[in-house]
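Peer 1: Protein chains in written order, with full-length UniProt numbering: chain A, 1 to 330; chain B, 1 to 330; chain C, 1 to 330; chain D, 1 to 330; chain E, 1 to 330.
Please note: incorrect hints may appear among the correct ones.
Since the list gives no way to pick out one identical chain from another, each pair is judged satisfied if it fits inside one copy or across any two copies.
Calculated lysine-lysine pairs in the DSS-like style (CA-CA distance at most 30 Å, straight line) [claimed, not checked]:
#: 1; residue 1: Lys272; residue 2: Lys136
#: 2; residue 1: Lys327; residue 2: Lys271
#: 3; residue 1: Lys136; residue 2: Lys71
#: 4; residue 1: Lys272; residue 2: Lys327
The set of hints was computed from the structure by calculation and includes no laboratory data.
As the structure is a computational prediction, the values presented were derived from the model and not from experiment.
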Amino acid sequence: MIVDNAVYVAGRRTADPESLDETFEVLRARHGFAWIGLYRPTPEELDAVTREFDLPALAVEDALAGHQRAKMEKYGTATFFALRPARYLDAEERVEFGEVHLFLGDDFLISVRHAESPDLGQVRRRMEADPALLAKGPLAALYAVLDQVVDEYAPVVAGVENDIDEIEDQLFNGDQEVSRRIYELSREVMALQRAVHPLVDVLESLRDDLDRPAGPQHPAGPDEELRDDFRDVHDHVLRITDRVDSFRQLLQNALTTHATLVSQDQNNEIKKISSWAAILFTPTLVGTIYGMNFEYMPELHWVLGYPFAMGLMLALGFALYTVFKRKGWL
Amino acid sequence: MIVDNAVYVAGRRTADPESLDETFEVLRARHGFAWIGLYRPTPEELDAVTREFDLPALAVEDALAGHQRAKMEKYGTATFFALRPARYLDAEERVEFGEVHLFLGDDFLISVRHAESPDLGQVRRRMEADPALLAKGPLAALYAVLDQVVDEYAPVVAGVENDIDEIEDQLFNGDQEVSRRIYELSREVMALQRAVHPLVDVLESLRDDLDRPAGPQHPAGPDEELRDDFRDVHDHVLRITDRVDSFRQLLQNALTTHATLVSQDQNNEIKKISSWAAILFTPTLVGTIYGMNFEYMPELHWVLGYPFAMGLMLALGFALYTVFKRKGWL
Amino acid sequence: MIVDNAVYVAGRRTADPESLDETFEVLRARHGFAWIGLYRPTPEELDAVTREFDLPALAVEDALAGHQRAKMEKYGTATFFALRPARYLDAEERVEFGEVHLFLGDDFLISVRHAESPDLGQVRRRMEADPALLAKGPLAALYAVLDQVVDEYAPVVAGVENDIDEIEDQLFNGDQEVSRRIYELSREVMALQRAVHPLVDVLESLRDDLDRPAGPQHPAGPDEELRDDFRDVHDHVLRITDRVDSFRQLLQNALTTHATLVSQDQNNEIKKISSWAAILFTPTLVGTIYGMNFEYMPELHWVLGYPFAMGLMLALGFALYTVFKRKGWL
Amino acid sequence: MIVDNAVYVAGRRTADPESLDETFEVLRARHGFAWIGLYRPTPEELDAVTREFDLPALAVEDALAGHQRAKMEKYGTATFFALRPARYLDAEERVEFGEVHLFLGDDFLISVRHAESPDLGQVRRRMEADPALLAKGPLAALYAVLDQVVDEYAPVVAGVENDIDEIEDQLFNGDQEVSRRIYELSREVMALQRAVHPLVDVLESLRDDLDRPAGPQHPAGPDEELRDDFRDVHDHVLRITDRVDSFRQLLQNALTTHATLVSQDQNNEIKKISSWAAILFTPTLVGTIYGMNFEYMPELHWVLGYPFAMGLMLALGFALYTVFKRKGWL
Amino acid sequence: MIVDNAVYVAGRRTADPESLDETFEVLRARHGFAWIGLYRPTPEELDAVTREFDLPALAVEDALAGHQRAKMEKYGTATFFALRPARYLDAEERVEFGEVHLFLGDDFLISVRHAESPDLGQVRRRMEADPALLAKGPLAALYAVLDQVVDEYAPVVAGVENDIDEIEDQLFNGDQEVSRRIYELSREVMALQRAVHPLVDVLESLRDDLDRPAGPQHPAGPDEELRDDFRDVHDHVLRITDRVDSFRQLLQNALTTHATLVSQDQNNEIKKISSWAAILFTPTLVGTIYGMNFEYMPELHWVLGYPFAMGLMLALGFALYTVFKRKGWL
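Next up, chain A with everything else stripped away, as it sits in the complex (with noise of 0.2 Å):
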């Protein structure tokens, strides 16, 4: 599906072409560059824009075919970036991960879109309130984009932080289900490495291409404002995967804390149920006692030998009773 499809001159939307054809056209009339918002799209209209702007062939193929691992891959005719964007849904406590890809080149911006998220529509109408931003071409869009997506992913790293104190909170209450949590957000964490680890790479071969002197893709050579947008964008990157390296070892050490506080848990166990065994078999100890089958016991005779031996019982039971409690084995 076709979500959005302009062309923009000196920052202005000046088309809304009725199809890819008609981009095309306006496009080489008025130069300017075309961006362009695919959903989904059938092999069809992938097939008119690779036609058109000449896209590499194996990077299409990529883009519909899907799962693909965060990335950047130059060809001659245009760059191909492959993006994880993330969402943290609330309800189910889980990272969901979504797929975006795009081709940049010299007069276009393709986006092709696998999920919902992230809301590319908000993007491009920002963009299109700042003309002076947008009137850099292509690379503008780009930034935007990646800006969006890299957003995006603080509401998730927030997310994952508060799970993880919920699972410091269930670690030393002695919730027995917090393991398995443990694990399952370490799987979710090692995910989210993997999509934003590989950002850092792809921004820095953005930020040496910027710093380079004028050439085809950027003519007017080094752009400082888009470098320093590019490079608040590095600096979100940075800033996420170092907080999502720290969730890894967090969760590690929670692992392992777990399995101490399980032993320890033991331990405490172990004693109480001895303490109350104890309490229980004095008493049967004393029966067993007076159950001996002696000629000569005086205490069996005395009328008030059973209240004795049952108040010997009690006493002998409380007595153990409060040492334990002292000892706080109880």
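Take the given structure of chain A and dock chains B, C, D and E to it, following the hints.
Peer 2: Same frame as chain A, but now just chains B, C, D and E:
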């Protein structure tokens, strides 16, 4: 055994020589390149190609001996590749590793296979259907073989991933066999890493060669299409190493989690066992009390003394059962 | 809030302007450099300096937003520093992190503080007492601030080291709370690493700048004294990262050791409990024997049968006690 | 002891001098190169070659002292190699490390052996059978020695691999000695890593030397055959380090798995023991009940009361046995 | 305190000045170089040399303050070294760290010692006995000091190795104190790593300096002998770091192994305790049976009923004992 043996000129199969000697003659007459497929070759067969194409002696020894690590070695007259293809055996839930050796020269590609897989015949048929690509010479044939080997890792990765999912289920369902399975799967994952990781360097080295200006091995200068093709294989290898590395981490976590779950299990069982011990023991206490030999024990003379004692035993047992049930120990 | 606001010429405070506008005028008139200290500035205050000194917009946004990772970012007109000073709160045995942002230009240093510490007023007073150093311009003031921030890490490191010593005592004294404390301290040590580690790169980058021949930011060429000063800070940072990294290792070891100690503890308790169980149980055996109803049991008819049985019980119990004591189980 | 001592000209043994002095004379007369094999040399013997060939004093000291780490050190007049060959002692299932030192010059190779293995005599005989290779001078002899040392690691690696297989069997068969064996084998694997790992750098450095254009140590310029030979050794070393590194990982995993298996074992034993305790205890409960002294207990007066009670005991015991058997506790 | 204070010309001690001022005069008169040994110097003493030799102020502060990490810092007029020598205290089985600071200039070497060891007086005597080496100037003296410090690590490494051997014995003999000892030894090993590791970089940096062509600090160009000497020290440092790194690994393994052994121990004890519980309990069952009050129990009326019951008890106990002994539980 010589599986297939053909000379290609301008991407088309021009001769089906009946013997190696004929191949060598045809090759000298018509130029083009020879693509020879050997399967567990006799020393004589290997000797013939070694003499004709001046293959490096040490590499030929390696190819005869087998059990090579995945690698690429450049010699003066040829480049030697050792690949470790893999198959996932569904029945045994096991990864099986094969071995393929390749000799690449200016006008030949010789493959030496030691196992059934991979199906190099299919690779050849696919290439013969694309003469434009095959016309690029032995490097194109090399690409086709590498692509096949790397593509065949995908089902292996899927199989291992499925094993890990099963292991996770076993883990949280308390299956005792899981530690053995984790241990054995990590061993396979390590073998898979040893097979796949060296390919990253091999493909980077090939890419660097292809980026270099015109030279003896590619006299026409860098070929963009071929370079992109090799990069595509490189990308697949990276995707696979990413996955395999994360498998290792996951299995490590599973091992640690399992240790904790086993301890937690023990805690629960100790509670359960102690509860039943207490439930069994309380009646004994009652019995011991009424087994005492005091002269003056009113209950002993009651007509309903015995049923009363039995009722007391059951009541106490039931009371304890309820208490433990409520505390979640049973 | 504008905490302090002065213009320095040749290392001496030449003006105490009442408003930022006055500062800017004075600066233009007398040259020298402005050192402006802001504490949780209003957007208007930050706006004024941003316009006057042409501060980079993205960095100003970061400074307003806070929660930056420690870093240095060079922009065309200014260099932005984000620092994470730390304090050790003795009462709570906790590390508290602050945040300081700096903008360094050819003729200004602007500090933006978000927390009480560090005491930058003190830094300024110390520098005003050393006009020779201050005459070297904003870089000297930057050095003074960095030096203060790094020096303030020393008591934090000492505090954490003290915590680790306490943890070791708790560890070998069997304090149950120690696993929680280890876990929480590792979390703080990780936060400390995140605050301190980036400074290594920041200071190496500054050193490289200072080693470079004369240029716009230091027109007089490399200043040996300043370079040595920055190297001194660098050395302190390295000393701190060394210590902090080793803390992490120590805590990891403490966690593993604790797990073993808990198991060892359990072994000892099981031995102790079993010993007492045996001591309690042996008299029961004696009692059970003399509770048998055999017609011909000589002891039952002895006058001293009952004391004999009781003596036997005590003797057996005492014998077992001695045995277990000797084996070190009690 | 001087084990062998010969001068080679154009790859042929031309003299069997009776003393070192004669060797030196022959060498000066006929050129070629000397290959001298020493076994635990006396300081005098070492002194003679040191003076004649101007060996570096510090390296000679190292060779006398022994206990060197594997390394290569270039001095002005000679290059010093310390190698750590290894043997697998089948009887003791232990790896034994030897030590060989080599001095390589333009016209000599001196080997100093401190242990029986490796068999350098055999290396010499093999080389003397290949005069073409030996004619390439001392570097060819060096290659032969390195090749022998590296080849002798293969049975060691196989032996350790076999140990690991045995350990895995012990592991899953519950052999208690396995933790000691794992610990000791990891110690040996670490020693093996220390012996083999430095060879990677040594061989890379040799390869770089051989790739360099003509120079004093190889006046004829790079020799392709020799370079391929050294690369072959390099490849073997890489294969061995790969295996040895994976051994370490495997043993680490075995250690962790073992800890879990021990806990799991405990769980199973606790269940078994508790089951038997319950089976033994139930008859006691029955016995206690019929030991009560109630006046009105009908069963006590039954003629078959006693067999009934015994039957009840057996029946309950058997019922419990069946229940536990079904639950898999027994 | 000024321990020694001499001026050397052409490798010979030419003056024993009575005060620092005299030293400075002699040095100016006769050239050569000054070698001054300070032990816990007063600020005044340090001040005198600082002024005379123009020592870098920040390094002098470090030398006064102590607690420096091992490092080398080049200043304009001098190079500053901080070393952390170590001693193994046999009595306490503990490693003690000292601190030595060195200032190296074109015509001086000043050592500042803060602890008894290392014995720098002995270093000086050894150097004075080798005027040829000493004639090479302050660098030769620096070599001698470094050599001494590094040589003194050898007994420390041996001591720690011995501790590890003892720990291994304790480990497999079930000594409970071993976890504390492992923990504390790892702490020392980490401190040793911090002392030794930086020397690798220091010596590599010195080597690079010595390889450089003639310059101010070594006007005669690279000196081969000195370079080999420093390389020898470098090699020793590498040998030590290798050992120390492997100690850390070994202790880590020992910690993990210990945890498993403790669990295994528990398994064995639980089996032993349960066996004895069963042996004790069976007679109780017999006693309980014959304590039942059935009217018709033939055994009760046997004359030998009582001995029969006692015999039954013993027989059952002995039978169980034999069974458990055979299963290896006792």
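Peer 1: As a check of your reading, is lysine 272 near lysine 327 (CA-CA no more than 30 Å) within one copy, between copies, both or neither?
Peer 2: Classified as both; 11 Å inside a copy, 14 Å across copies.
Peer 1: If the cut is 30 Å between Cα atoms, do lysine 136 and lysine 71 qualify within a copy, between copies, both or neither?
Peer 2: Both, since 24 Å and 28 Å are each at most 30 Å.
Peer 1: Checking an output row: lysine 327 and lysine 271, CA cutoff 30 Å. Within, between, both or neither?
Peer 2: both (10 Å within a copy, 17 Å between copies)
Peer 1: Treating 30 Å as the Cα threshold, decide for lysine 272 and lysine 136: within, between, both or neither.
Peer 2: neither (73 Å within a copy, 71 Å between copies)
Hint violations for this structure: number 1 only, all remaining hints satisfied.
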